[in-house]
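Asker: Take the sequence shown: its letter number 251 is residue 251 in the numbering used here, and every next letter is one higher.
Calculated directly from the structure, the hints in this document are not laboratory data. In this text the structure is predicted, and so the values were computed from the model without any measurement. Wrong hints could be hidden among the right ones.
Claimed, not checked - Derived Cβ-Cβ restraints for the label pairs, each shown as a range:
no.	residue 1	residue 2	range
1	Ser289	Asp124	27 to 33 Å
2	Pro146	Glu274	45 to 51 Å
3	Ser280	Gly73	46 to 52 Å
4	Asn180	Glu322	39 to 45 Å
5	Asp326	Asp124	40 to 46 Å
6	Asp268	Lys71	20 to 26 Å
7	Ala298	Ser278	22 to 28 Å
8	His107	Leu333	36 to 42 Å
9	Lys123	Asp301	16 to 22 Å
From the three backbone atoms N, C-alpha and C, an ideal C-beta is built for every residue, glycine too.
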Amino acid sequence: GYDFVQLEQRKWSGCIFWVSAKIQATGYAPFSHLRMRLAFYVSSIAKLDRQDLIVCNNVESLPIGLYLKRKWGCRLLADLHEYAAAGHRHAAKRDRAIRLCRDCFPHIDQALTVSHGLEKLYKDDFSLDCKVVPNVPYRHPGPHSPCCVDRPPFRMVCHGICAAGRGLLELLELAALLENSWSLTLMLVPPESNRGSTTYDLIVGRAAALKNVEIRPPVPADQVVSEISKYDAGVYLMPGDSLNKIHAMPNKFYDFIQAGLAVFVGPDLLEMAEFVSSNSCGLVCEAHSPTSMASLLASIDSERLLALKAGSRATAAQWCHEVHEDRLLDYALTLCRPESSAG
């Protein structure tokens, strides 16, 4: 079984878990290069009993993970959801992330990531071998809503955090171009701070002027797939302006699949584009633009949409938590075995 004990979480913290032989997870351990904060936290975690496996879910938490590994003589697993050496606005942050990768990666025992593109980047740039374990939701048995078989408008949906750079304004442009043939529902999580409020207010204001756009309150995470299964398509118009976006395979994408939606993406989101093409569960527009996506969606009829939705439902059986959980636990348990002594 699993026993979870959570320490205090702080805004500036990196997330770290350490795990006992029972796979007992505990903690949110902050990492900061400010020595006073680091020393304060190390003094508190030093009182913990020895654990057998430490799991760090970002590069910033690896220094504390390595500290605990040496203290306890245990194993360290890095769960890398993004490519740590990219996506930083400031050169100093990028350089610090690269130094952390070079300094810490030789000492970890196993690394995971979420896409094959990220796996290749870590291998090419840091000689780090990663196992690919996707962030997938639980299996959704249905029911799945059929599309409007007789005639449009078809229904597309997008959910998640409202933030700049996620293609939300482009989705509104898309909806404006498809006013009579498609509707758009946005289920957005408002920003927690004022930093993102400008984007959210802009989205709400522009959506109010479009009769085929609805903004709905977000639902709890465990209800997302069931809720969006009432729609016909999930659309991703996020710009591929960074390595992490180009190789992204986010939770939201797999939510679309589990919900049995046709998935439409831009061509610069390489990993997602390859997935929908190879699994016959969606289509890729010719260029990253609302105009190109509008041309693609305008060409879709009920028969084609039903076929793509059926493709998603068939694919969903392979891309769910129940299938991939055993792989993740197997990696953890293998590291916890006594014969897997710490290096």
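Asker: With reference to the structure, classify each hint as holding or not holding.
Answerer: Each hint, compared with the structure:
For the pair Ser289 and Asp124, the supplied restraint of 27 to 33 Å holds, since their beta-carbon distance comes to about 30 Å. The supplied range of 45 to 51 Å is broken by Pro146 and Glu274, whose beta-carbon atoms lie about 28 Å from each other. A C-beta distance of roughly 49 Å is found between Ser280 and Gly73, which places it inside the suggested range of 46 to 52 Å. A C-beta distance of roughly 41 Å is found between Asn180 and Glu322, which places it inside the suggested range of 39 to 45 Å.
Between Asp326 and Asp124 the CB atoms are about 29 Å apart, so this pair departs from the stated range of 40 to 46 Å. Range check, Asp268 to Lys71: about 44 Å between beta-carbon atoms, so the 20 to 26 Å window is missed. For the pair Ala298 and Ser278, the beta carbons lie near 24 Å from each other, so the given range of 22 to 28 Å is met. The beta-carbon spacing between His107 and Leu333, approximately 21 Å, falls outside the hinted interval of 36 to 42 Å.
Here the CB-CB span from Lys123 to Asp301 is close to 43 Å, at odds with the stated 16 to 22 Å.
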